[in-house]
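Chains as they are written, first to last, in this note's numbering: chain S, 35 to 426; chain A, 110 to 518; chain D, 2 to 301.
Among the hints, a few may not be true.
[What the hints assert, rightly or not] DSSO-like mimics (lysine-lysine), calculated; alpha carbons at most 30 Å apart, straight line:
{"hint": "1", "chain 1": "D", "residue 1": "K97", "chain 2": "A", "residue 2": "K177"}
{"hint": "2", "chain 1": "D", "residue 1": "K184", "chain 2": "A", "residue 2": "K118"}
{"hint": "3", "chain 1": "S", "residue 1": "K217", "chain 2": "S", "residue 2": "K239"}
{"hint": "4", "chain 1": "D", "residue 1": "K89", "chain 2": "A", "residue 2": "K177"}
{"hint": "5", "chain 1": "A", "residue 1": "K173", "chain 2": "D", "residue 2": "K175"}
{"hint": "6", "chain 1": "D", "residue 1": "K97", "chain 2": "A", "residue 2": "K178"}
{"hint": "7", "chain 1": "D", "residue 1": "K89", "chain 2": "A", "residue 2": "K118"}
{"hint": "8", "chain 1": "A", "residue 1": "K117", "chain 2": "D", "residue 2": "K169"}
{"hint": "9", "chain 1": "S", "residue 1": "K148", "chain 2": "S", "residue 2": "K239"}
{"hint": "10", "chain 1": "S", "residue 1": "K271", "chain 2": "S", "residue 2": "K297"}
{"hint": "11", "chain 1": "D", "residue 1": "K175", "chain 2": "A", "residue 2": "K117"}
{"hint": "12", "chain 1": "A", "residue 1": "K178", "chain 2": "D", "residue 2": "K93"}
{"hint": "13", "chain 1": "A", "residue 1": "K173", "chain 2": "D", "residue 2": "K89"}
{"hint": "14", "chain 1": "A", "residue 1": "K173", "chain 2": "D", "residue 2": "K93"}
{"hint": "15", "chain 1": "D", "residue 1": "K93", "chain 2": "A", "residue 2": "K118"}
{"hint": "16", "chain 1": "S", "residue 1": "K316", "chain 2": "S", "residue 2": "K349"}
{"hint": "17", "chain 1": "S", "residue 1": "K296", "chain 2": "S", "residue 2": "K220"}
{"hint": "18", "chain 1": "D", "residue 1": "K97", "chain 2": "A", "residue 2": "K118"}
{"hint": "19", "chain 1": "D", "residue 1": "K93", "chain 2": "A", "residue 2": "K177"}
No wet-lab data here; the hints were simulated from the structure.
What follows is each chain in one-letter form.
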Amino acid sequence: MLKLRSAKALAIMAALVMAGAVFVSCGESEKPAEQAKEAAPAKEEAPIRMGVAGPHSGDLASYGIPTVKAAELVVEHRNEMGGICGQKIELIVEDDVCKPEIATNTATKLVGEKVDFVLGHICSGATKAALGIYKDSNIPVMSPSATNPALTQSGDYPNFFRTIASDDAQARLEVDFALDRLKLSKIAVLHDKGDYGKGLAEFAKAFLEAEPEAEVVLYEGITPGAVDYTAVVQKIKNSGAQAVIFGGYHPEASKIVTQMRKKAMDTIFISDDGVKDDTFIKVAGEYAEGVYATGPMDTTTNPMAVMATEAHRQKYGEDPGAFFLNAYAAALALLNAVEKSNSTDYDDIVNALRTEYVATPLGIIRFDERGDAIGVGFAMYQVQNGEYVEIK
Amino acid sequence: MRVAEELKKSALVSIWFMFLTFPIMVIRVNTIYNTVEWRWLNMALVGGGSFFLSMLWRFMIRRKERGKKKAEIKDGVQLTLIQRLMQNRRVTLSGIVLAAIFAMIYPFVFSMYQTSIMITALIYVMCGLGLNIVIGLAGLLDLGYVAFYAVGAYSYALLNYHFGISFWMALPVGAALGFMFGVLLGFPVLRLRGDYLAIVTLGFGEIIRLVLENWNEFSHGPSGIANIPRPSFFGYDLSLQQVTIWIYFIMIGLVIFTIFVVGRLQNSRLGRAWVALREDEIACQAMGIDKTRTKLSAFALGATWAGMAGVMFAAKTTFINPASFTIWESVIILCVVVLGGMGSIVGVILGAMVLILLPEYLRAFSEYRMLLFGAVLVLMMVFRPGGIITNVRRTYRFKGKATTDGSSA
Amino acid sequence: MDYFLELFLGGLTRGSIYALIALGYTMVYGIIELINFAHGEIYMIGAFTALIVAGVLTLMGWNEIAILVIASIVAVIYSSAYGFTIEKIAYKPIRKAPRLSALISAIGMSMFLQNYVLLAQTSDFLPFPSLIPQFEFLEPYAHIIRPSELVIYTVTASVMVALTIMIKFTSIGKAMRATSQDKTMAALVGIDVDRVISVTFIVGSATAAIGGVLIASHIGQINFYIGFIAGIKAFVAAVLGGIGSIPGAVLGALVLGWTESFFTGYVSSDYEDVFAFVFLVFILIFRPAGILGRSEAEKV
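Next up, chain S with everything else stripped away, as it sits in the complex (with noise of 0.2 Å):
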């Protein structure tokens, strides 16, 4: 029965989205008719570029496939469709194996050859360091990942977009958990030195130190790769902490929380988007039962994610990786935004993407003038069963 009706419900959010798409297209120009119409005859021609930047090789490469993947998803299906205003689009793929001294050259890469924007990067030092081309190139750039809080908080880059909420919500949410549902005083954070799992751990630490009532019982960086982690195990134990708020990917993860678990100890262990991941589950097995992790809102009855991942599986034969679910939502964006504005201009698909709601896999959004998404947010996970359970 259930299955019939989510069938249905997609059945009719599938055509919903494509007849919009069919409608809404070319109809609604912002512009006065003659501007239009000037632009028209040259655009016909040369398709629209969209740029997609990440890292394609290396150990990092993970990360970055599921983004070609759904880019590659997104562009086909609309094309199939006729492409925007009979405009095809044209992907064109590099890789920045997420060094910042590499992307610049990615990103000068793309400029030279005339993107009109771009899907991208991942790591948020890479992000970084191309964004500052992008913008003297005058080109939106809307990653799919990049969740370092400066990128949108600190004004330097309104070329920038992302599909993701940054570091300091998913901070402030498992604080805001630890504190008030689970009502713990006594908190240990611990981080994996690196730059995601760092960066959340400071606001943790921050948030905790602005409540009179919690209390920072430890502050630690742990060494990602080390062979053995029971010298912290025990600092954490002995620290008489009651939750442990950790920062960074499931790897270390569920590497502390098995040495933990055997020590015999139920200290409860809270993380971030980095260990909302099924492998953590798999690898950590019964330890990880309990464990509670932030990720994006659940998307399961969300029928276009249900679709885009049916469609990954069609075509790649496998489920979809890391951030797939952001990726596709922010191509369906920008492409919304070429749509609804028809222009490739900077000024107007920027306008576009501020002004216009778009249904995404994540749900309906748009976005803000920093460039965060709203209607992207963070919603608390715990393991029950094996499984990734959504606490309401």
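Let chain S serve as the given structure and place chains A and D on it in line with the hints.
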């Protein structure tokens, strides 16, 4: 008969490698989803590949040994074609002129992207030439070279962030700080033997990176420093395109300066002392060369160039974080020096161009970049320890009083 | 006091892990005076081989003890084979070249092997099946000591003893000692130097493989990069104890393990690696021969 023997040997090698690579290349187990994938094609590839490579390998080894014997018989330095050409003044001069013209028009002929990657390559040329002083001339294996590069980059980024110091001020400051760190780190460790030195410098390189990563108040930690300004042009605002060209010319200028200094150093008293120290420490000490000071000067001078290159790096990328300064960056620079030819200036330039530009153009193969770098290091050491362009040592010949020809090359 | 004891045991575990890798380092260095950077990679390959074998056998439904034994044996065989081959390719042709060449070649080999595994397998962390069974008699002490830790202590101690016996009392051990003192003289009295070096690499790699299997099942997951850091740490340990000396390697590893553990426990783990490296620098400057090594004047 010999052919059969060779084939048999190669076949054995090929079987051995098929056995050796079997678990890693053929089977792929995913312990998360509990699936096993058997990739038999890889086995065939390994078998066929190692069959031919082993033939090539033995051929090369034999050739190398023959070459050695020949050199012993002839009792003299054998020069390759390139080396002979390089000693011909006319060829060198026209080569330099051509290179200069090419360098001058390069950014105007090619796109901004090409210019941008050329800048990257030039930064590596500079680092390579600096490291060349340490490894090529003085024979000290420095695996923490990237630490000084980081010192340069962070000195510009931080000084600019806190005091608004411009690029042109930061360049000498970065160089000076590089020098200082070179002396500071070099002083305690230079008494150590070659391989201990390598591991200690590696340690220092990691220490500097880890400190940058952990000490948030000082270095902004792992999230790095963004919005580092690009070099200014006499107070004018430049567009991105113009500034790229401007950085390119600054880099060309710096590289020429480096080549000039290193070239002069090479044949100076100090330079000869380095080479002598590399060949035989004890004999050097007996000859009255101050071992510690000579080594320290090489170490610190190398660090100076790394510092300058670091400032350039920060100015070019406009963003730095500790992740850019890992040990592998040191190894890539080492690769540049080794491939090009330890001690040879032209070699290092060529090495940097090959290693940095090729992967950019062959992006499809970028996955194999690090794999090939590793292979290059091993193969170069085995077959051509002198690099692509082996440095020719200046030789001085004493010919008696009758023919007072002096020195000849 | 409890805290101290726990940190002490944690350091013991860590030290024993380093020791298993350091033993191979120290043996190779003792004989050809080469820092075999690729040694850490051999350990990683051992762990990967064990993972692959265990994965396949698990799917075939074998029982755990059989898997543990077979996976370990295959890992040892393959690691030894890799050690043997690496020596033949990267070190033997340049044995007479300056030390710098061999060192660069070793770094190249290490990089090559890392990327070989990265490309042929995956860059992700893979969960390693916990092959070491739960011991019933340890149940009451579960919060202090885990079975895998106990196994690691015992294996490290027995490997150390076995190696010491091998070097002291067997004929190949004698040949090794002779070769390490003077290769030319050893060759003159009829020792096949090439064979001795090969055997050293094989034995060193086999210990690394044992380490690989144990550590991987202790920590529970592996990727292509685990060898490098562990290798560097193990080298630090070997130098600390006096490179070339078997008991020295174990002692050095334990000292390093304890210092790291206590440093983390009482100060902070932020600078854990920094501390290890600073430690190394000081040892090398003030006592280059290490704790148990003989200091010898360099021969002219």
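Verification of the hints:
1. For the proposed pair D:K97 and A:K177, the alpha carbon gap of about 13 Å is at most 30 Å, so the pair holds.
2. At roughly 28 Å between alpha-carbon atoms, D:K184 and A:K118 fall within 30 Å of each other, so this suggested pair holds.
3. A threshold of 30 Å between alpha carbons decides the hint, and for S:K217 with S:K239 the separation of about 17 Å falls inside it, so the pair holds.
4. Of the pairs offered as hints, the one joining D:K89 and A:K177 holds, with about 20 Å between alpha carbons and a cut-off of 30 Å not exceeded.
5. A hinted pair counts as satisfied when its Cα atoms are at most 30 Å apart, and A:K173 with D:K175 does not qualify at roughly 34 Å.
6. Taking the CA atoms of D:K97 and A:K178, the gap is about 15 Å. The hint holds against a cut of 30 Å.
7. At most 30 Å may separate the alpha-carbon atoms for a hinted pair to count; D:K89 and A:K118 meet this at roughly 15 Å.
8. Simply put, A:K117 and D:K169 have alpha-carbon atoms about 39 Å apart, too far for the 30 Å limit, and the pair is violated.
9. Note on S:K148 and S:K239: the hinted pairing is violated, with a Cα-Cα distance of about 43 Å set against a maximum of 30 Å.
10. Under the criterion of a C-alpha separation no larger than 30 Å, the hint pairing S:K271 with S:K297 is consistent with the structure, at around 10 Å.
11. Restraint check for D:K175 and A:K117: the C-alpha separation of about 35 Å exceeds 30 Å, so the hint is violated.
12. Proposed proximity of A:K178 and D:K93 is supported: the alpha carbons are some 19 Å apart, at most 30 Å.
13. Taken as a hint, the A:K173 and D:K89 pair is honoured in the structure, with Cα atoms around 16 Å apart against an allowance of 30 Å.
14. The straight-line distance between the Cα atoms of A:K173 and D:K93 is roughly 14 Å, inside the 30 Å bound, and the hint therefore holds.
15. Note on D:K93 and A:K118: the hinted pairing holds, with a Cα-Cα distance of about 18 Å set against a maximum of 30 Å.
16. Distance restraint check for S:K316 and S:K349: the Cα-Cα separation of roughly 25 Å lies within the 30 Å cut-off, and the hinted pair is therefore satisfied.
17. Among the hinted pairs, S:K296 with S:K220 is consistent with the structure: their alpha-carbon atoms are about 22 Å apart, no more than 30 Å.
18. Restraint check for D:K97 and A:K118: satisfied, since their Cα atoms lie roughly 25 Å apart, inside the 30 Å limit.
19. Our distance criterion of 30 Å between C-alpha atoms is met by D:K93 and A:K177, whose separation comes to about 17 Å.
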